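Take the given structure of chain A and dock chain B to it, following the hints.
Chains as they are written, first to last, in the numbering used here: chain A, 1 to 308; chain B, 1 to 228.
Calculated from the structure, these hints are not laboratory results. Note that the coordinates shown come from a computational prediction; the quantities given were computed from them, not determined experimentally. Take every hint as true, because none was put in to throw you off.
Straight-line C-alpha distance at most 20 Å; calculated SDA-like pairs for lysine to any residue:
| id | chain 1 | residue 1 | chain 2 | residue 2 |
| --- | --- | --- | --- | --- |
| 1 | B | Lys-32 | A | Asp-204 |
| 2 | A | Lys-108 | A | Leu-120 |
| 3 | A | Lys-222 | B | Val-97 |
| 4 | B | Lys-224 | A | Arg-260 |
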Amino acid sequence: MENKIPSFLIARSSAAPLAEGRGRLRISFIEKSIQHLAGVINIGHAQWESASRDAFLQKIDARVKVLFLLFYVVIISLKRDLVSESLIAGLIFMLALTSRVDLMDLYKRVLFWGFVFGFLIAFPSAFNVVTQGEIIFPVLNLEKSHTFWIYHIPQEIGITREGSLGVLMLTSRVMNSLALSFLVLATTSLPEIIRALKVLRVPDSFLMIITLTFKYIFIFTKTVEDMFLAKKSRLAVHTGNAESRRWIAGRLAFIFRRTRMRCEEIFKAMLSRGFADEVRIYKFSRLAALDWSAGICLFIAGVIFLWI
Amino acid sequence: MHIPDGYLGPQTYVPLFGASFVFLSVALRKLKKELATKHVPYLAMAAAFSFLIQMFNIPIPGGTTGHAVGAGIIALLLGPWTAVIAVSVVMIIQAVVFGDGGITAIGANCFNMAVAMPFVSYGVFKLINGSSRSQKRTSIAAFLSGYAGITVSALLTGIEFGIQPLLAQGADGRPLYAPYPLEIALPAMVIEHLLLFSIIEGAVTMLLLRYFLKNEADVVYALKVREA
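Next comes chain A alone, as it looks inside the complex (with noise of 0.2 Å):
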């Protein structure tokens, strides 16, 4: 049976670019805008699923998780060894795994971001222009070394041990702690994350501009990806940059005069239900045995690992 819906309806979803290729018809900036806030909005849904699910660190108090990340995000910056920063890595492993995490979109995340800000980052520093040792890798020989300013670039140019191991281990400290986070976030709902920094003392006033902070950004988020879209689907010939940079200046001042009036509809509210400028976040109820026993366990081995 032939198909009879239209085929501009189905050649293409409403987030996919138009006229791929052409160049005359330059939206990049809203493509890019869609995705960042698509991104946005699939990270708070993905981790809500994930931190609901019955495992082992889901089932752990978030004051436990919270005390947990900060320790071990601290044990991570003072390593100074490959050996410890792989057996860290390792307990997260084994930590993710227990929680029946999704495991690859985890590590695709952890391994993006790592190589990017750890491994891209640090990566002309393994060098002998920047770290002075032995050099493993000649990359290049210039007829003579040369002499700038207060830059000094030597005769032969290659990769030092020294500088390769300063990167590798950059990294892995880099790695381990976005691993870390993103397992602690996997597993625990933000609202009982920002509860749990109660903890440190944060103030409760402070706590509420949080969580908030947090929920406006969904709702605004979702408001800010349909302008988008609905820009783009006015879209018919090519927009110049001063066009567009006039356009988002007009979105982003609506965007502030709907936060603006959000603010004062939520004061009203909270002056309605009796709110009488006295910020309290409800109480935590006592540690269970299991609290305990896994809290107990976390920081015997950071202490371990601090030792080694």
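Showing chain B alone in chain A's frame:
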């Protein structure tokens, strides 16, 4: 601009946590006094707006795009102390939820982008604009305030990176944290901002302020203070 975990040693991130904490406490106290009961929803609104500014990719000549941090325009619209809290909250959410910036580096990122940037932007705007009512002068002041704010922020980030090899070295002399010395880290951070990102920040600050001056001049804090 967001510093990830692993690039700063405790000798740097602990004092910067302290410095940011002091500014944040002062800002909270000041705004609670000024805004009374309204301060919680108001500051959450400012923080959400600060986050959303970063969601808008701006087309720039050459076919590429970039986004602003927004601390400068928040400082002009809502005041520098509000910007301190708004951008700090965004830095915390970005580090914890999106992995944008490290957890140990939250203090440093807050200091660079949520403390230094709003005050520099606000100061530059007041200095250049003065009590002038000329639209052209206000636009120039707005552009330069955004431009200077993020450039100073990049300069601070460059210094924080650059001092790491001096502060922490292994037994073999290898830097334990950010590997680039000041003579590399500083120009790398500052030049790319002077030539690209600061222009985006300046343009967003100017365009948005111009829009508000045309349509809702009464909401701009930097101009309200002038009139007062």
